[in-house]
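Just need the whole structure built from these sequences, with the hints factored in.
The lines below spell out each chain.
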Amino acid sequence: MRRKEQEATDLSRRFSRRALFLGGAQMALIAGLGLRMRWMQIEQADEFRLLAEENRINIRLLPPARGQVFDRNGAPVAVNEPSYRITMVREEAGKDVELVLRRLSAIVEIPEEDLADALKEMKSRRGDTPVTVADRVSWDALSRVAVNAPALPGVTPEVGLSRNYPLGADFVHVVGYVGPVSDYDLDKIEDPDRLLLLPRFQIGKVGLEAKLEDDLRGKAGTLRVEVNAAGRVMRELGRVEGQPGTDVQLTVDAGLQGYCEARLGQESAAAVVIDTDTGDIMAIASAPSFDPNLFVRGISVADYKALTDNEYRPLSSKTVQGLYPPGSTFKMVTALAALEEGIIGADETVYCPGHIEVSNRKFHCWKGSGHGNVNLETSLRESCDVYYYDLALKLGIEKLSAMAERLGIGVRFDLPMSAVARGRAPTREWKKGAFGKDWVIGDTVNASIGQGFVAASPLQLAVMTARLATGRAVMPRLVKSIDGVEQPSGRGPELGFNENNLRMIRRAMYAVSNHTRGTAYGSRILDDAFRMAGKTGTSQVRNITEEERRRGVTRNEDLPWNRRDHALFVNFAPYDAPKYAVCVVVEHGGGGSAAAAPIARDITLQALFGGDPPLTAYPEKDRGRIKALQERLKRERPQPSEPDRGRA
Amino acid sequence: MSYLEYTVKSVPSGPRKILFLNWPLIILLCAVASVGLMMLYSVAGGDFSPWAAAQMKRFGLGITAMVIVAMVPIWFWRNVSAVGYGVSLILLILVELIGSIKMGAQRWIDLGFMQLQPSELAKITVVMFIAAYYDWLPARKTSHPLWVAIPVALILLPTFLVLKQPDLGTSILILTAGGAVMFLAGVHWAYFAAVIAAAVGLVTAVFKSRGTAWQLIQDYQFRRIDTFLDPTSDPLGAGYHITQAKIAMGSGGWGGKGFMQGTQSRLNFLPEKHTDFIFNTLAEEFGFIGAFSLLSLYALIIVFCIIAALNMKDRFSSLLTLGIAMTFFLFFAVNMAMVMGMAPVVGVPLPLVSYGGSAMLVLLIGFGLIQSAHIHKPR
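First to last, the protein sequences are chains A and B. Per this note's numbering, the very first residue in the first sequence carries number 1; after that it's consecutive. Per this note's numbering, the very first residue in the second sequence carries number 1; after that it's consecutive.
Hints may be right or wrong, so weigh each one.
[What the hints assert, rightly or not] In the SDA-like style, the derived pairs of lysine to any residue whose C-alpha atoms are separated by at most 25 angstroms in a straight line are:
#1 A:K120 with A:P130
#2 B:K141 with A:A8
#3 B:K313 with A:P130
[Stated by the list, open to error] Cβ-Cβ distance ranges computed for the label pairs, FRET-style:
#4 A:R232 with B:F259: 22 to 28 angstroms
#5 A:R14 with B:A213: 30 to 36 angstroms
#6 B:G255 with A:R36: 16 to 22 angstroms
#7 B:F259 with A:L35: 23 to 29 angstroms
#8 B:L146 with A:R14: 18 to 24 angstroms
#9 A:R17 with B:K141: 18 to 24 angstroms
#10 B:A213 with A:L35: 41 to 47 angstroms
#11 A:A31 with B:K164: 34 to 40 angstroms
#12 B:K164 with A:R194: 21 to 27 angstroms
#13 B:V203 with A:R14: 25 to 31 angstroms
#14 B:K164 with A:A149: 27 to 33 angstroms
#15 B:D47 with A:S182: 32 to 38 angstroms
[As the list claims (entries may be wrong)] Covered stretches of chain A, as calculated for chain B (at least 3 residues, CB under 8 angstroms):
#16 224–233
#17 298–305
Derived by calculation from the structure, the hints in this document are not laboratory data. Positions of the beta carbon are idealized from the N, C-alpha and C atoms, including for glycine.
Rendered as structure tokens:
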């Protein structure tokens, strides 16, 4: 019994020892847990707090309203219009989503496929994601949805802004258009604005919309929201409004621009009107054109193919991208260079036998029988080629090209338009670099009449004409003001030509369109206050072989369209006090006097009168046609709406 | 001293037993349960449904069960401990055969009116049976290898059955609590040293077995271990839960974000916020102060159990009391270590706080046994 008791006491002691040991171990572990708590919640608290905030707070971008574009008088060219769409959230639509959709389609006309697509999207997306059921619905449809809201759970009418070009095709070659951001766009940008990553966000794709993107886009606002783990917005925490894009005012006159587009019609042609004093581009039209709104809404494959397949290249802005041999319109450059160099006097004559021979090659005058003795005025008036061949041989290409550049040919003007071409005033080095061949004398001969390697855009030819008309280095200006800040004028410094020489050139140009033997006499202006001075140009796009010359040169009308000559005309008016310089190029239009000059004359008169000129300003034979044209345009093209500078 | 030697007169009887309940322990349990109810109310977004109200009913049921168990003399429980152990073992085998598949693990038997989790039952019955075994075993045989092998087998049998379900957390609990009872019974130190050495070897073997044909644990358990070792390695996958849980905990700071203001739990970043990770909600909303207070309550429960056990005269009562206290300790320690990123996520709930019926009911029955031992000790 004693032993047993002894045993029991031992056991009890051992139990107490071990219980205390185990208890101690437990307390130690509990202390460890406490220390861990302390470390996480006190020492690391700031770090974890930051992580918690990052979890819960989501910053959303608020897209700014894009800057709008107006013409020089404030007529809207590119504006933001409210666009209405209908979205639906599955979770809020109740049990029968299809029933709600059916009710919706009873109120608003929605194509069957769109409904099916929306239903499919709603089923595949998370329940709280808004899905667009109908886009670009009318205001009427939107209000019907709003009125019937109780019967349409989960359906929300939404208002957003979308780009609209009220003047459609008239300005597309200048302003371009916007479109959704593509991966290609993002690749091009080094550090893309986070706005660009927003779905449906649109940026300028071509033209001024693209070039002035930074001004037009504006700055994003931010919306801080609290989201849950599923990304659903629980509440709004704060909102910082963005900055809308700045408005841009063009120098272009919408009325004149519209007239130019209409006058060029379906020809493949370009027309530029420049204010000779300020360099303001009053009109810069390229035909054929297309509606930029098609691109904003998403152009169909068929429509896009029609545009790209069109031989007349409607997508190209021919005024600045198109490069043409200037042909005879270049003769003023040759003449002025020769006069300035003192190589020839105004009355000195050159004999034109119809061609000249230079290093065993024959260079023909357009008039096979020759012009006989010609001086500066008669050679320009009748566009004798041999006279200029002769001048060029005495001048040399370097002086000729230097003059071309001083007048704006081969100079890239920095306009906010897409792919503004540099053109070319060729030099020996240039040819060596480009072709690895030496300059030959025949190249100089060709260059003297604006053929061969010379290439100019219609814009450059208009600038050249403006510089000849004023003697100043007129710079073209497309943007009048940005955000109300007037942009620097294009009124350039004096070019430093001898005024007499300029006067002689101008007088010869006057003769072109006013002397009975002038190549553009048929397109003269009768109104004495607005007489114009011009120059025709017909530039070849093919070589005429000696054999063809013997047989007789094929008439333009008998050639396929793309082998015909380009028709060009440059002019300024009024002759006494130049106001506008105009260039018209009709691609493969045939002769400059027949195809380009009448268009240039009509545009010039329209610009000078700021609207339809009286018929008495036109030669009698044209009046019937002009009257019909004026009436047709009035019918087809309502005048641009009243100036409206307010934001939509 | 055995219960047979009790002077029956010194033990309270009838309704008087209520007065001899260990009231401080009951108050502590109620305090912990209140914290749980408050947190369940909070994670439901300030609503008694769906969790807090149901939990309150279960707690009421559990407390009633505890008092009923407490009223029954401790010697009765000692005598039925073998039966209890046998029943749990049968149920564990049954769950293998007919148990329905849930959450990738076989743990439940559907009794129609409630889901029975035999593994929960085993947590108590194993401790009970091992305590009874040592109460029966003569003291000098305690460290005899043969008499050590028997309880080891009694512990390992249910442990492996639970591990096979698979439920790593519960099997660790059963194994450790059973081992603790053996330790308290006075089995020689050397056995434990050997087991610890073997455990280290086993862990090495488990890791070595990875990807081989004789892989010892499931792939998801390996992934949990990986996640535990480096939660940031897969922040959106398996590591997401533990990372978010730590953010919730740490962002609470000193004083917390305020009741029902925890962003991590309210916005659902926190996973399983009403069950395994409820402690993180508490830590987020009440900060270090709240989290440490709950830890202190748990520590006090352990302390009161130890005091009660030391005052008990018979071997079964004291071993049982500390065995159950050990189970309880393992519950909260493993859960807290897990949600604080100190242990792999093994799916152990926070006792009396996490939402769930089985674990709470079983633990309260366990405390009923402690109360019974407390009431029926000779005075």
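The hints, checked one at a time:
Distance check on the hinted pair: K120 (chain A) and P130 (chain A) sit about 13 angstroms apart at the alpha-carbon level, within 25 angstroms; holds. Our distance criterion of 25 angstroms between C-alpha atoms is met by K141 (chain B) and A8 (chain A), whose separation comes to about 13 angstroms. A distance of roughly 71 angstroms separates the Cα atoms of K313 (chain B) and P130 (chain A); the hinted pair therefore is violated under the 25 angstroms criterion. For R232 (chain A) paired with F259 (chain B), a C-beta distance near 23 angstroms keeps the hint of 22 to 28 angstroms intact.
Taking 30 to 36 angstroms as the suggested C-beta distance range, the pair R14 (chain A) and A213 (chain B) does not conform, at roughly 46 angstroms. Taking 16 to 22 angstroms as the suggested C-beta distance range, the pair G255 (chain B) and R36 (chain A) conforms, at roughly 18 angstroms. Taking the beta carbon of each, F259 (chain B) and L35 (chain A) are about 26 angstroms apart, inside 23 to 29 angstroms as hinted. At about 20 angstroms, the beta-carbon gap between L146 (chain B) and R14 (chain A) stays in the expected band of 18 to 24 angstroms.
At roughly 20 angstroms, the beta carbons of R17 (chain A) and K141 (chain B) sit within the given window of 18 to 24 angstroms. Checked against the given bound of 41 to 47 angstroms, the beta carbons of A213 (chain B) and L35 (chain A), roughly 42 angstroms apart, stay inside it. Between A31 (chain A) and K164 (chain B) the Cβ separation comes to about 35 angstroms, which falls inside the hinted range of 34 to 40 angstroms. For the hinted restraint 21 to 27 angstroms between K164 (chain B) and R194 (chain A), the CB-CB distance of approximately 53 angstroms leaves it violated.
Checking the proposed 25 to 31 angstroms range against V203 (chain B) and R14 (chain A) shows it holds: the Cβ atoms sit about 30 angstroms from each other. With their beta carbons about 58 angstroms apart, K164 (chain B) and A149 (chain A) fall outside the hinted range of 27 to 33 angstroms. The hinted range of 32 to 38 angstroms is not satisfied by D47 (chain B) and S182 (chain A), whose Cβ atoms lie roughly 48 angstroms apart. Note: the segment 224–233 of chain A has 5 residues with beta-carbon separation from chain B under 8 angstroms; the three-residue rule is met and the coverage holds.
Only when three residues or more bring their CB closer than 8 angstroms to a CB of chain B does the claim for the segment 298–305 of chain A stand; here the count is 0, and the claim is violated.
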